[in-house]
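Residue numbers (this note's numbering), protein chains in the order written: chain Z, 1 to 231; chain D, 232 to 734.
Bear in mind the hints are in silico, worked out from the structure with no lab data behind them. Where hints are given, some of them may not hold.
[As the list claims (entries may be wrong)] Listed next, with one range per pair, are the computed distances between beta-carbon atoms:
id, chain 1, residue 1, chain 2, residue 2, range
1, Z, R70, D, I584, 32 to 40 Å
2, D, P616, Z, R197, 45 to 53 Å
3, Z, P230, D, L601, 44 to 52 Å
4, Z, V90, D, A553, 17 to 25 Å
5, D, S492, Z, S71, 44 to 52 Å
6, D, H704, Z, R70, 52 to 60 Å
7, Z, R120, D, D678, 49 to 57 Å
8, Z, P171, D, I584, 29 to 37 Å
9, D, E519, Z, G190, 32 to 40 Å
10, D, D678, Z, P171, 53 to 61 Å
11, D, E506, Z, G190, 34 to 42 Å
12, Z, R5, D, G604, 36 to 44 Å
In this text, all values refer to a predicted model and were calculated from it rather than measured experimentally. Virtual Cβ for every residue (Gly too), placed ideally from N, Cα, C.
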Amino acid sequence: MSAGRILVVDDDPQIRRAMRTTLTGRGYEVADARTGEEALEALRSGNYDLVLLDMNMPGMGGIETCRLIRSSSEVAIIMLTVSNSEKDKVEALDAGADDYITKPFSTPELLARIRATLRRLPHAPEHGDLKELDHRGVEIDLASRQVHVHGRASRLTAKEFDLLSYLLARPNKTISHRELLQAVWGPDYGDELEYLRVFINRLRKKIEPDPSKPEFLVTDAWAGYRFHLPQ
Amino acid sequence: MNMSTASRARSGSDSVPRKFIQNAIWLAARILLSLGLIMVVTFLSFRLLPVNEITAGFLYLVAILFIATVAGLVESTIASIAAMLSFNYYFIPPIGTLTVSDSRNWVALFAFLATSLTASQLSARAKRRTREVVDRQNEIERLYSLSRALLLTDATRPIAKQIVEQIAQAFESPAVALYNRGTGEIFRAGFDDPAAIDTELKDAAVRSEFLHDEHRGLTITPIRLGRQPIGSLAVRGASLSDAALQSLVNLVAIWLERALSQETLNRAEIATRSEELKSTLLDAIAHEFKTPLTSIKAVTTDLLSDSAAGLEQHQRELISIADEGADRLSTLVTQAIQLARIEGGKFQLNRGIHLPGSLISSALRQMKSLTDGREIKVCVAEELPLVFVDAELVQMVIAHLIDNALKYSPRRTPISIGARMSDGHTIIYIADRGAGIGEEEQSRIFDKFYRGRKEQHLKGTGMGLAIAREIIHAHGEEIRVSSKPGEGSEFSFSLPLAPRGGE
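Bound conformation, chain D alone (with noise of 0.2 Å):
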């Protein structure tokens, strides 16, 4: 690839002066084969039928009109003073000489030159349309297929890279390299020396300005979207029409548009599907987990209700130690299937519009087998703005928080759940007259799987507390937690504010 590319770069590079020589030869064996048909003409009208002046002039012009059209205008008015000349020479008396004796025939000789200088001068100006018009069809012609060829375009591999393929192919250009500002990639096919071209391209497309180097043969065009330039494009040796080129980098602009929109479009959907297959796989575990521990509860607990009387002391023992197992296994397959569910933060916040103390009396009536016998102080300062938070998730993290306070403090000392504003914030707040949490060990209370040091011998996951912060940050909100080692710790969160006129 690379060393068909250099190649295929030198050629283009060496063709410039050996294409100029070529075309001086074929102009000057234009002007050769011009001039023999002038001597033809001559040769015919003086020697072979020898005809009057003014049928020879006539002749002269037909001459003429036939190499402007045919070849251009250098040949025709080269042409056209030849045979000014042979006129002169041959019809317009005294004839043998350059001279002229009748100053009538001046007049003649010199209406004869502006005659055919003149249609020399149409017909070569009526053939450059028609060359002109050739050309914009090609253009047009081109741009098609390449519009066509970019429809096929594969969707596997990078758009832009095959935008570059389909022009070079397209247009028979030698060298064209296209710069995507978006995702930053520059793609190329002819160009020996990358590094420069990449610089150039960057520098066009960021200050959205065109570059035609005529020595090179190199066109950069800046690609905009609206006002936005959104990358550029290098096309060497093929001589474009500023039209054609505009109509050129729009057709890029547009694809390039489109594989960005696509791309953005495959990626949300490529999220949401894996996002519902591990809903589903969470699902499938969480049923598959529980199903054998409903076994197991149902049999324990039915063996510890008091109605089934008969147990032994050391037997009620046992049950119960199988009983407790369950429970805390069915505590931690719950907590790491919620904590699989919300990790990352990608996830689907049920929003709705609640007043802060009925999260609070929500959650502490899901805790109310757990809170039995503790001294519970609720206090929610009064008009608090109504917030704007997945309830079911936000109860959670209260109950979390409460279990958290309920595991960490002495069973005589009270647990404050309340709710207050600061700053402009709703603050949920929990707090407990425990042991405290030392500074070291405040910033890693909200990892995973951490657990306090002295506090090893409790029953806990050590996932409570990162659900608790993954809900609140999916919220877009903060977890603290302030402590004083022996006097207690508070956890505090603040909560979104519901819009303004929500009700």
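Chain Z on its own, in the form it takes in the complex (with noise of 0.2 Å):
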């Protein structure tokens, strides 16, 4: 059995050969892409867990590619950029892309990268440990990761599921900001806050009925997120 399907997006064959050889050789299935239009067709016929997409690419770019994906599927991207910017990596997040690696990258970072990104919390909390929330109009339903806030239904990605779920199985506790890195992302990870505030404000997006002026996900000012839920 494989450890996942891959979609390799880069214009540059050698990287395509190199990815493919060093991703097959760890168990992984690749297929690859040369641009964000074939990335798109691949996705439409063949299931993938998890798209590795250039940042810079001719024609459609890697932001574009990656909102069209984020708009209809929640397989999970990682986004290979070239600069190391700020500005890039919350580009790249705010596409919803859930990680990103700048090249060159080593290979056992990007392994590490992908299986961060694979990983599902350790205890899946659809065992009724976690109650539904239903609560003035914003419904969202655990087992089959939809939201409908008055009526408008969105799903989340797996990892915006994760971090929602790990809040929301802690109501109206601050969690601080390496502790939901770490158990969302990984242990290797704990001081990238722009993944959180990136992922957050997606989160808000979907499940707040006014994003602005956030109701359920609340920021605690240099301390971390906490899921208001009125008693």
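Using the hints, put the two chains back together into the complex; each one sits in its own frame.
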């Protein structure tokens, strides 16, 4: 059984070749695409667990491709960026990526990121220890990862779902940045505050009736985040 | 061009006396014609159809009014006296003499003279007014045609030069010169002694003084914008009223100012465009270099990772060499692009308000893989004020300095990083216990591609400190090194404080 199906999207043939060889060697099933358009086509016809998406591609760029993938799929996405700048990182995460890695990267680092992205919460919350939320027009169905806010339906990506369920399982308690990062992304993480900032924003857009005035996902400045559940 | 201006200038200076003589001849001719007219009237009234003295007096008056209207005051005054004498001689008894027998006739004679003089004066004044109105109208038309011509100026040529040409054309002036104080340029047309006129123009602009030289027919007017003198204008040969001259000068002031602001705008736009182009180009270069490096690194790191067992010792060694080479190349490309991006200080700072301590801890976090195994002492003074900096760039500076300290000090020695207040400045410092830097080298280490003489064998690009200095200078602050050979070095830089009231 394969460790997962990965779609490599990069316009450079050498990178596709190297990725295919490296990842196949680690037990992943690998397919590749040269452009954003090809990637969308591949995702329509096949089933993938993760997309490795280059940010700088001719034609439809990586960011635009990421947005289009996100509009119809919750597949995990790792962006490959050239620049290490804060702006590019946030742009990638904002477009819906789960993680990013800066070129050139080492294979062990890439494998660690892939594992972290595909990683699920160790204790899946579906086992009845968590009630579904149904409060003032906001419905979160944890089994199907469906969210309904005043009749507007959206689906959560796996990482968004894990983050939300971790907070939801500990209502009205401030969870520190480090704890959240290590629980949801893995033990190697802990300082990547921008991940939390972007993911919490993405969640707010999906579950808050008014994302600019969060009611449930509350920021506790300098400390962490808290899920506010009215008693 | 020079030849033609010179010859035009000469004809201009010659024309003054010639014009005077011409005017005198014309005046004499008009006086003769006026006297002729009086003679004709005398002949008509005395000989051709003899009339009484009252009719004759009216006929003389009509003739004088006609002369005053057509010619001028001088002509009509002379004609009045001639008419008075003729009237006396031919019509007032005793006829044929210039004597008057009846004292009542004296009254009549003087009444006639007074009437004719007053009438000629009135009509001459009316004529002068009319001419003035026509002149003003003419000036306004010229100013209008000038302002219209200035609207069609050619953006590729100096505006001041075009203004000079257009004034010379619109006012048919043989010589015009304009001094633009903002650019220090002087444009002339038609002056045969450029040096002299240049001095006069500059004087007029500096002193903001008006100068009119009747003899040379030259007027020099300072050009002001508000109360600020921005240049001066010299016009020769064109007789302009004060009002017209002021309008002309105002028009020139507006155009000079317009040209100046246009130029400032253009310069700013060119700078922005070239900055954008540079940035795009550097992004493209970074991408092109990093793409092949990515595939090399993917391969070498995969082979070297633990799970890829089965490599012989010498194979592992060879792959390590390739891997380190790729790392080095990657650092080189990254730093060369960083340096190119920030060199010359022309880049956008993305400033925000930050805690000095968090800048240090973020930088240390980024360097985690490199600082592993080294003792790092962090010491941030308490209650430091907030700083107003581009956090990403300042973290880059700290990272370069840490990297430097790691490279130039022995593994077992600690590295101290901290922030403190000194003379009202927030200072961040990074100190090592390496070999130190000799005094003669201290001034050169921030130069691009300079590397310590003893450290040529170490991996480095020689760009890190140059990048650090550019970034700190862009913030308007200073970076310095203090070092004692044998004891270590301390690099420190100051940071701008956040404005009061910021949080």
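State the violated hints by number, sorted upward, taking the hints as numbered earlier in the document. Of the numbered hints, 2, 4 and 6 do not hold.
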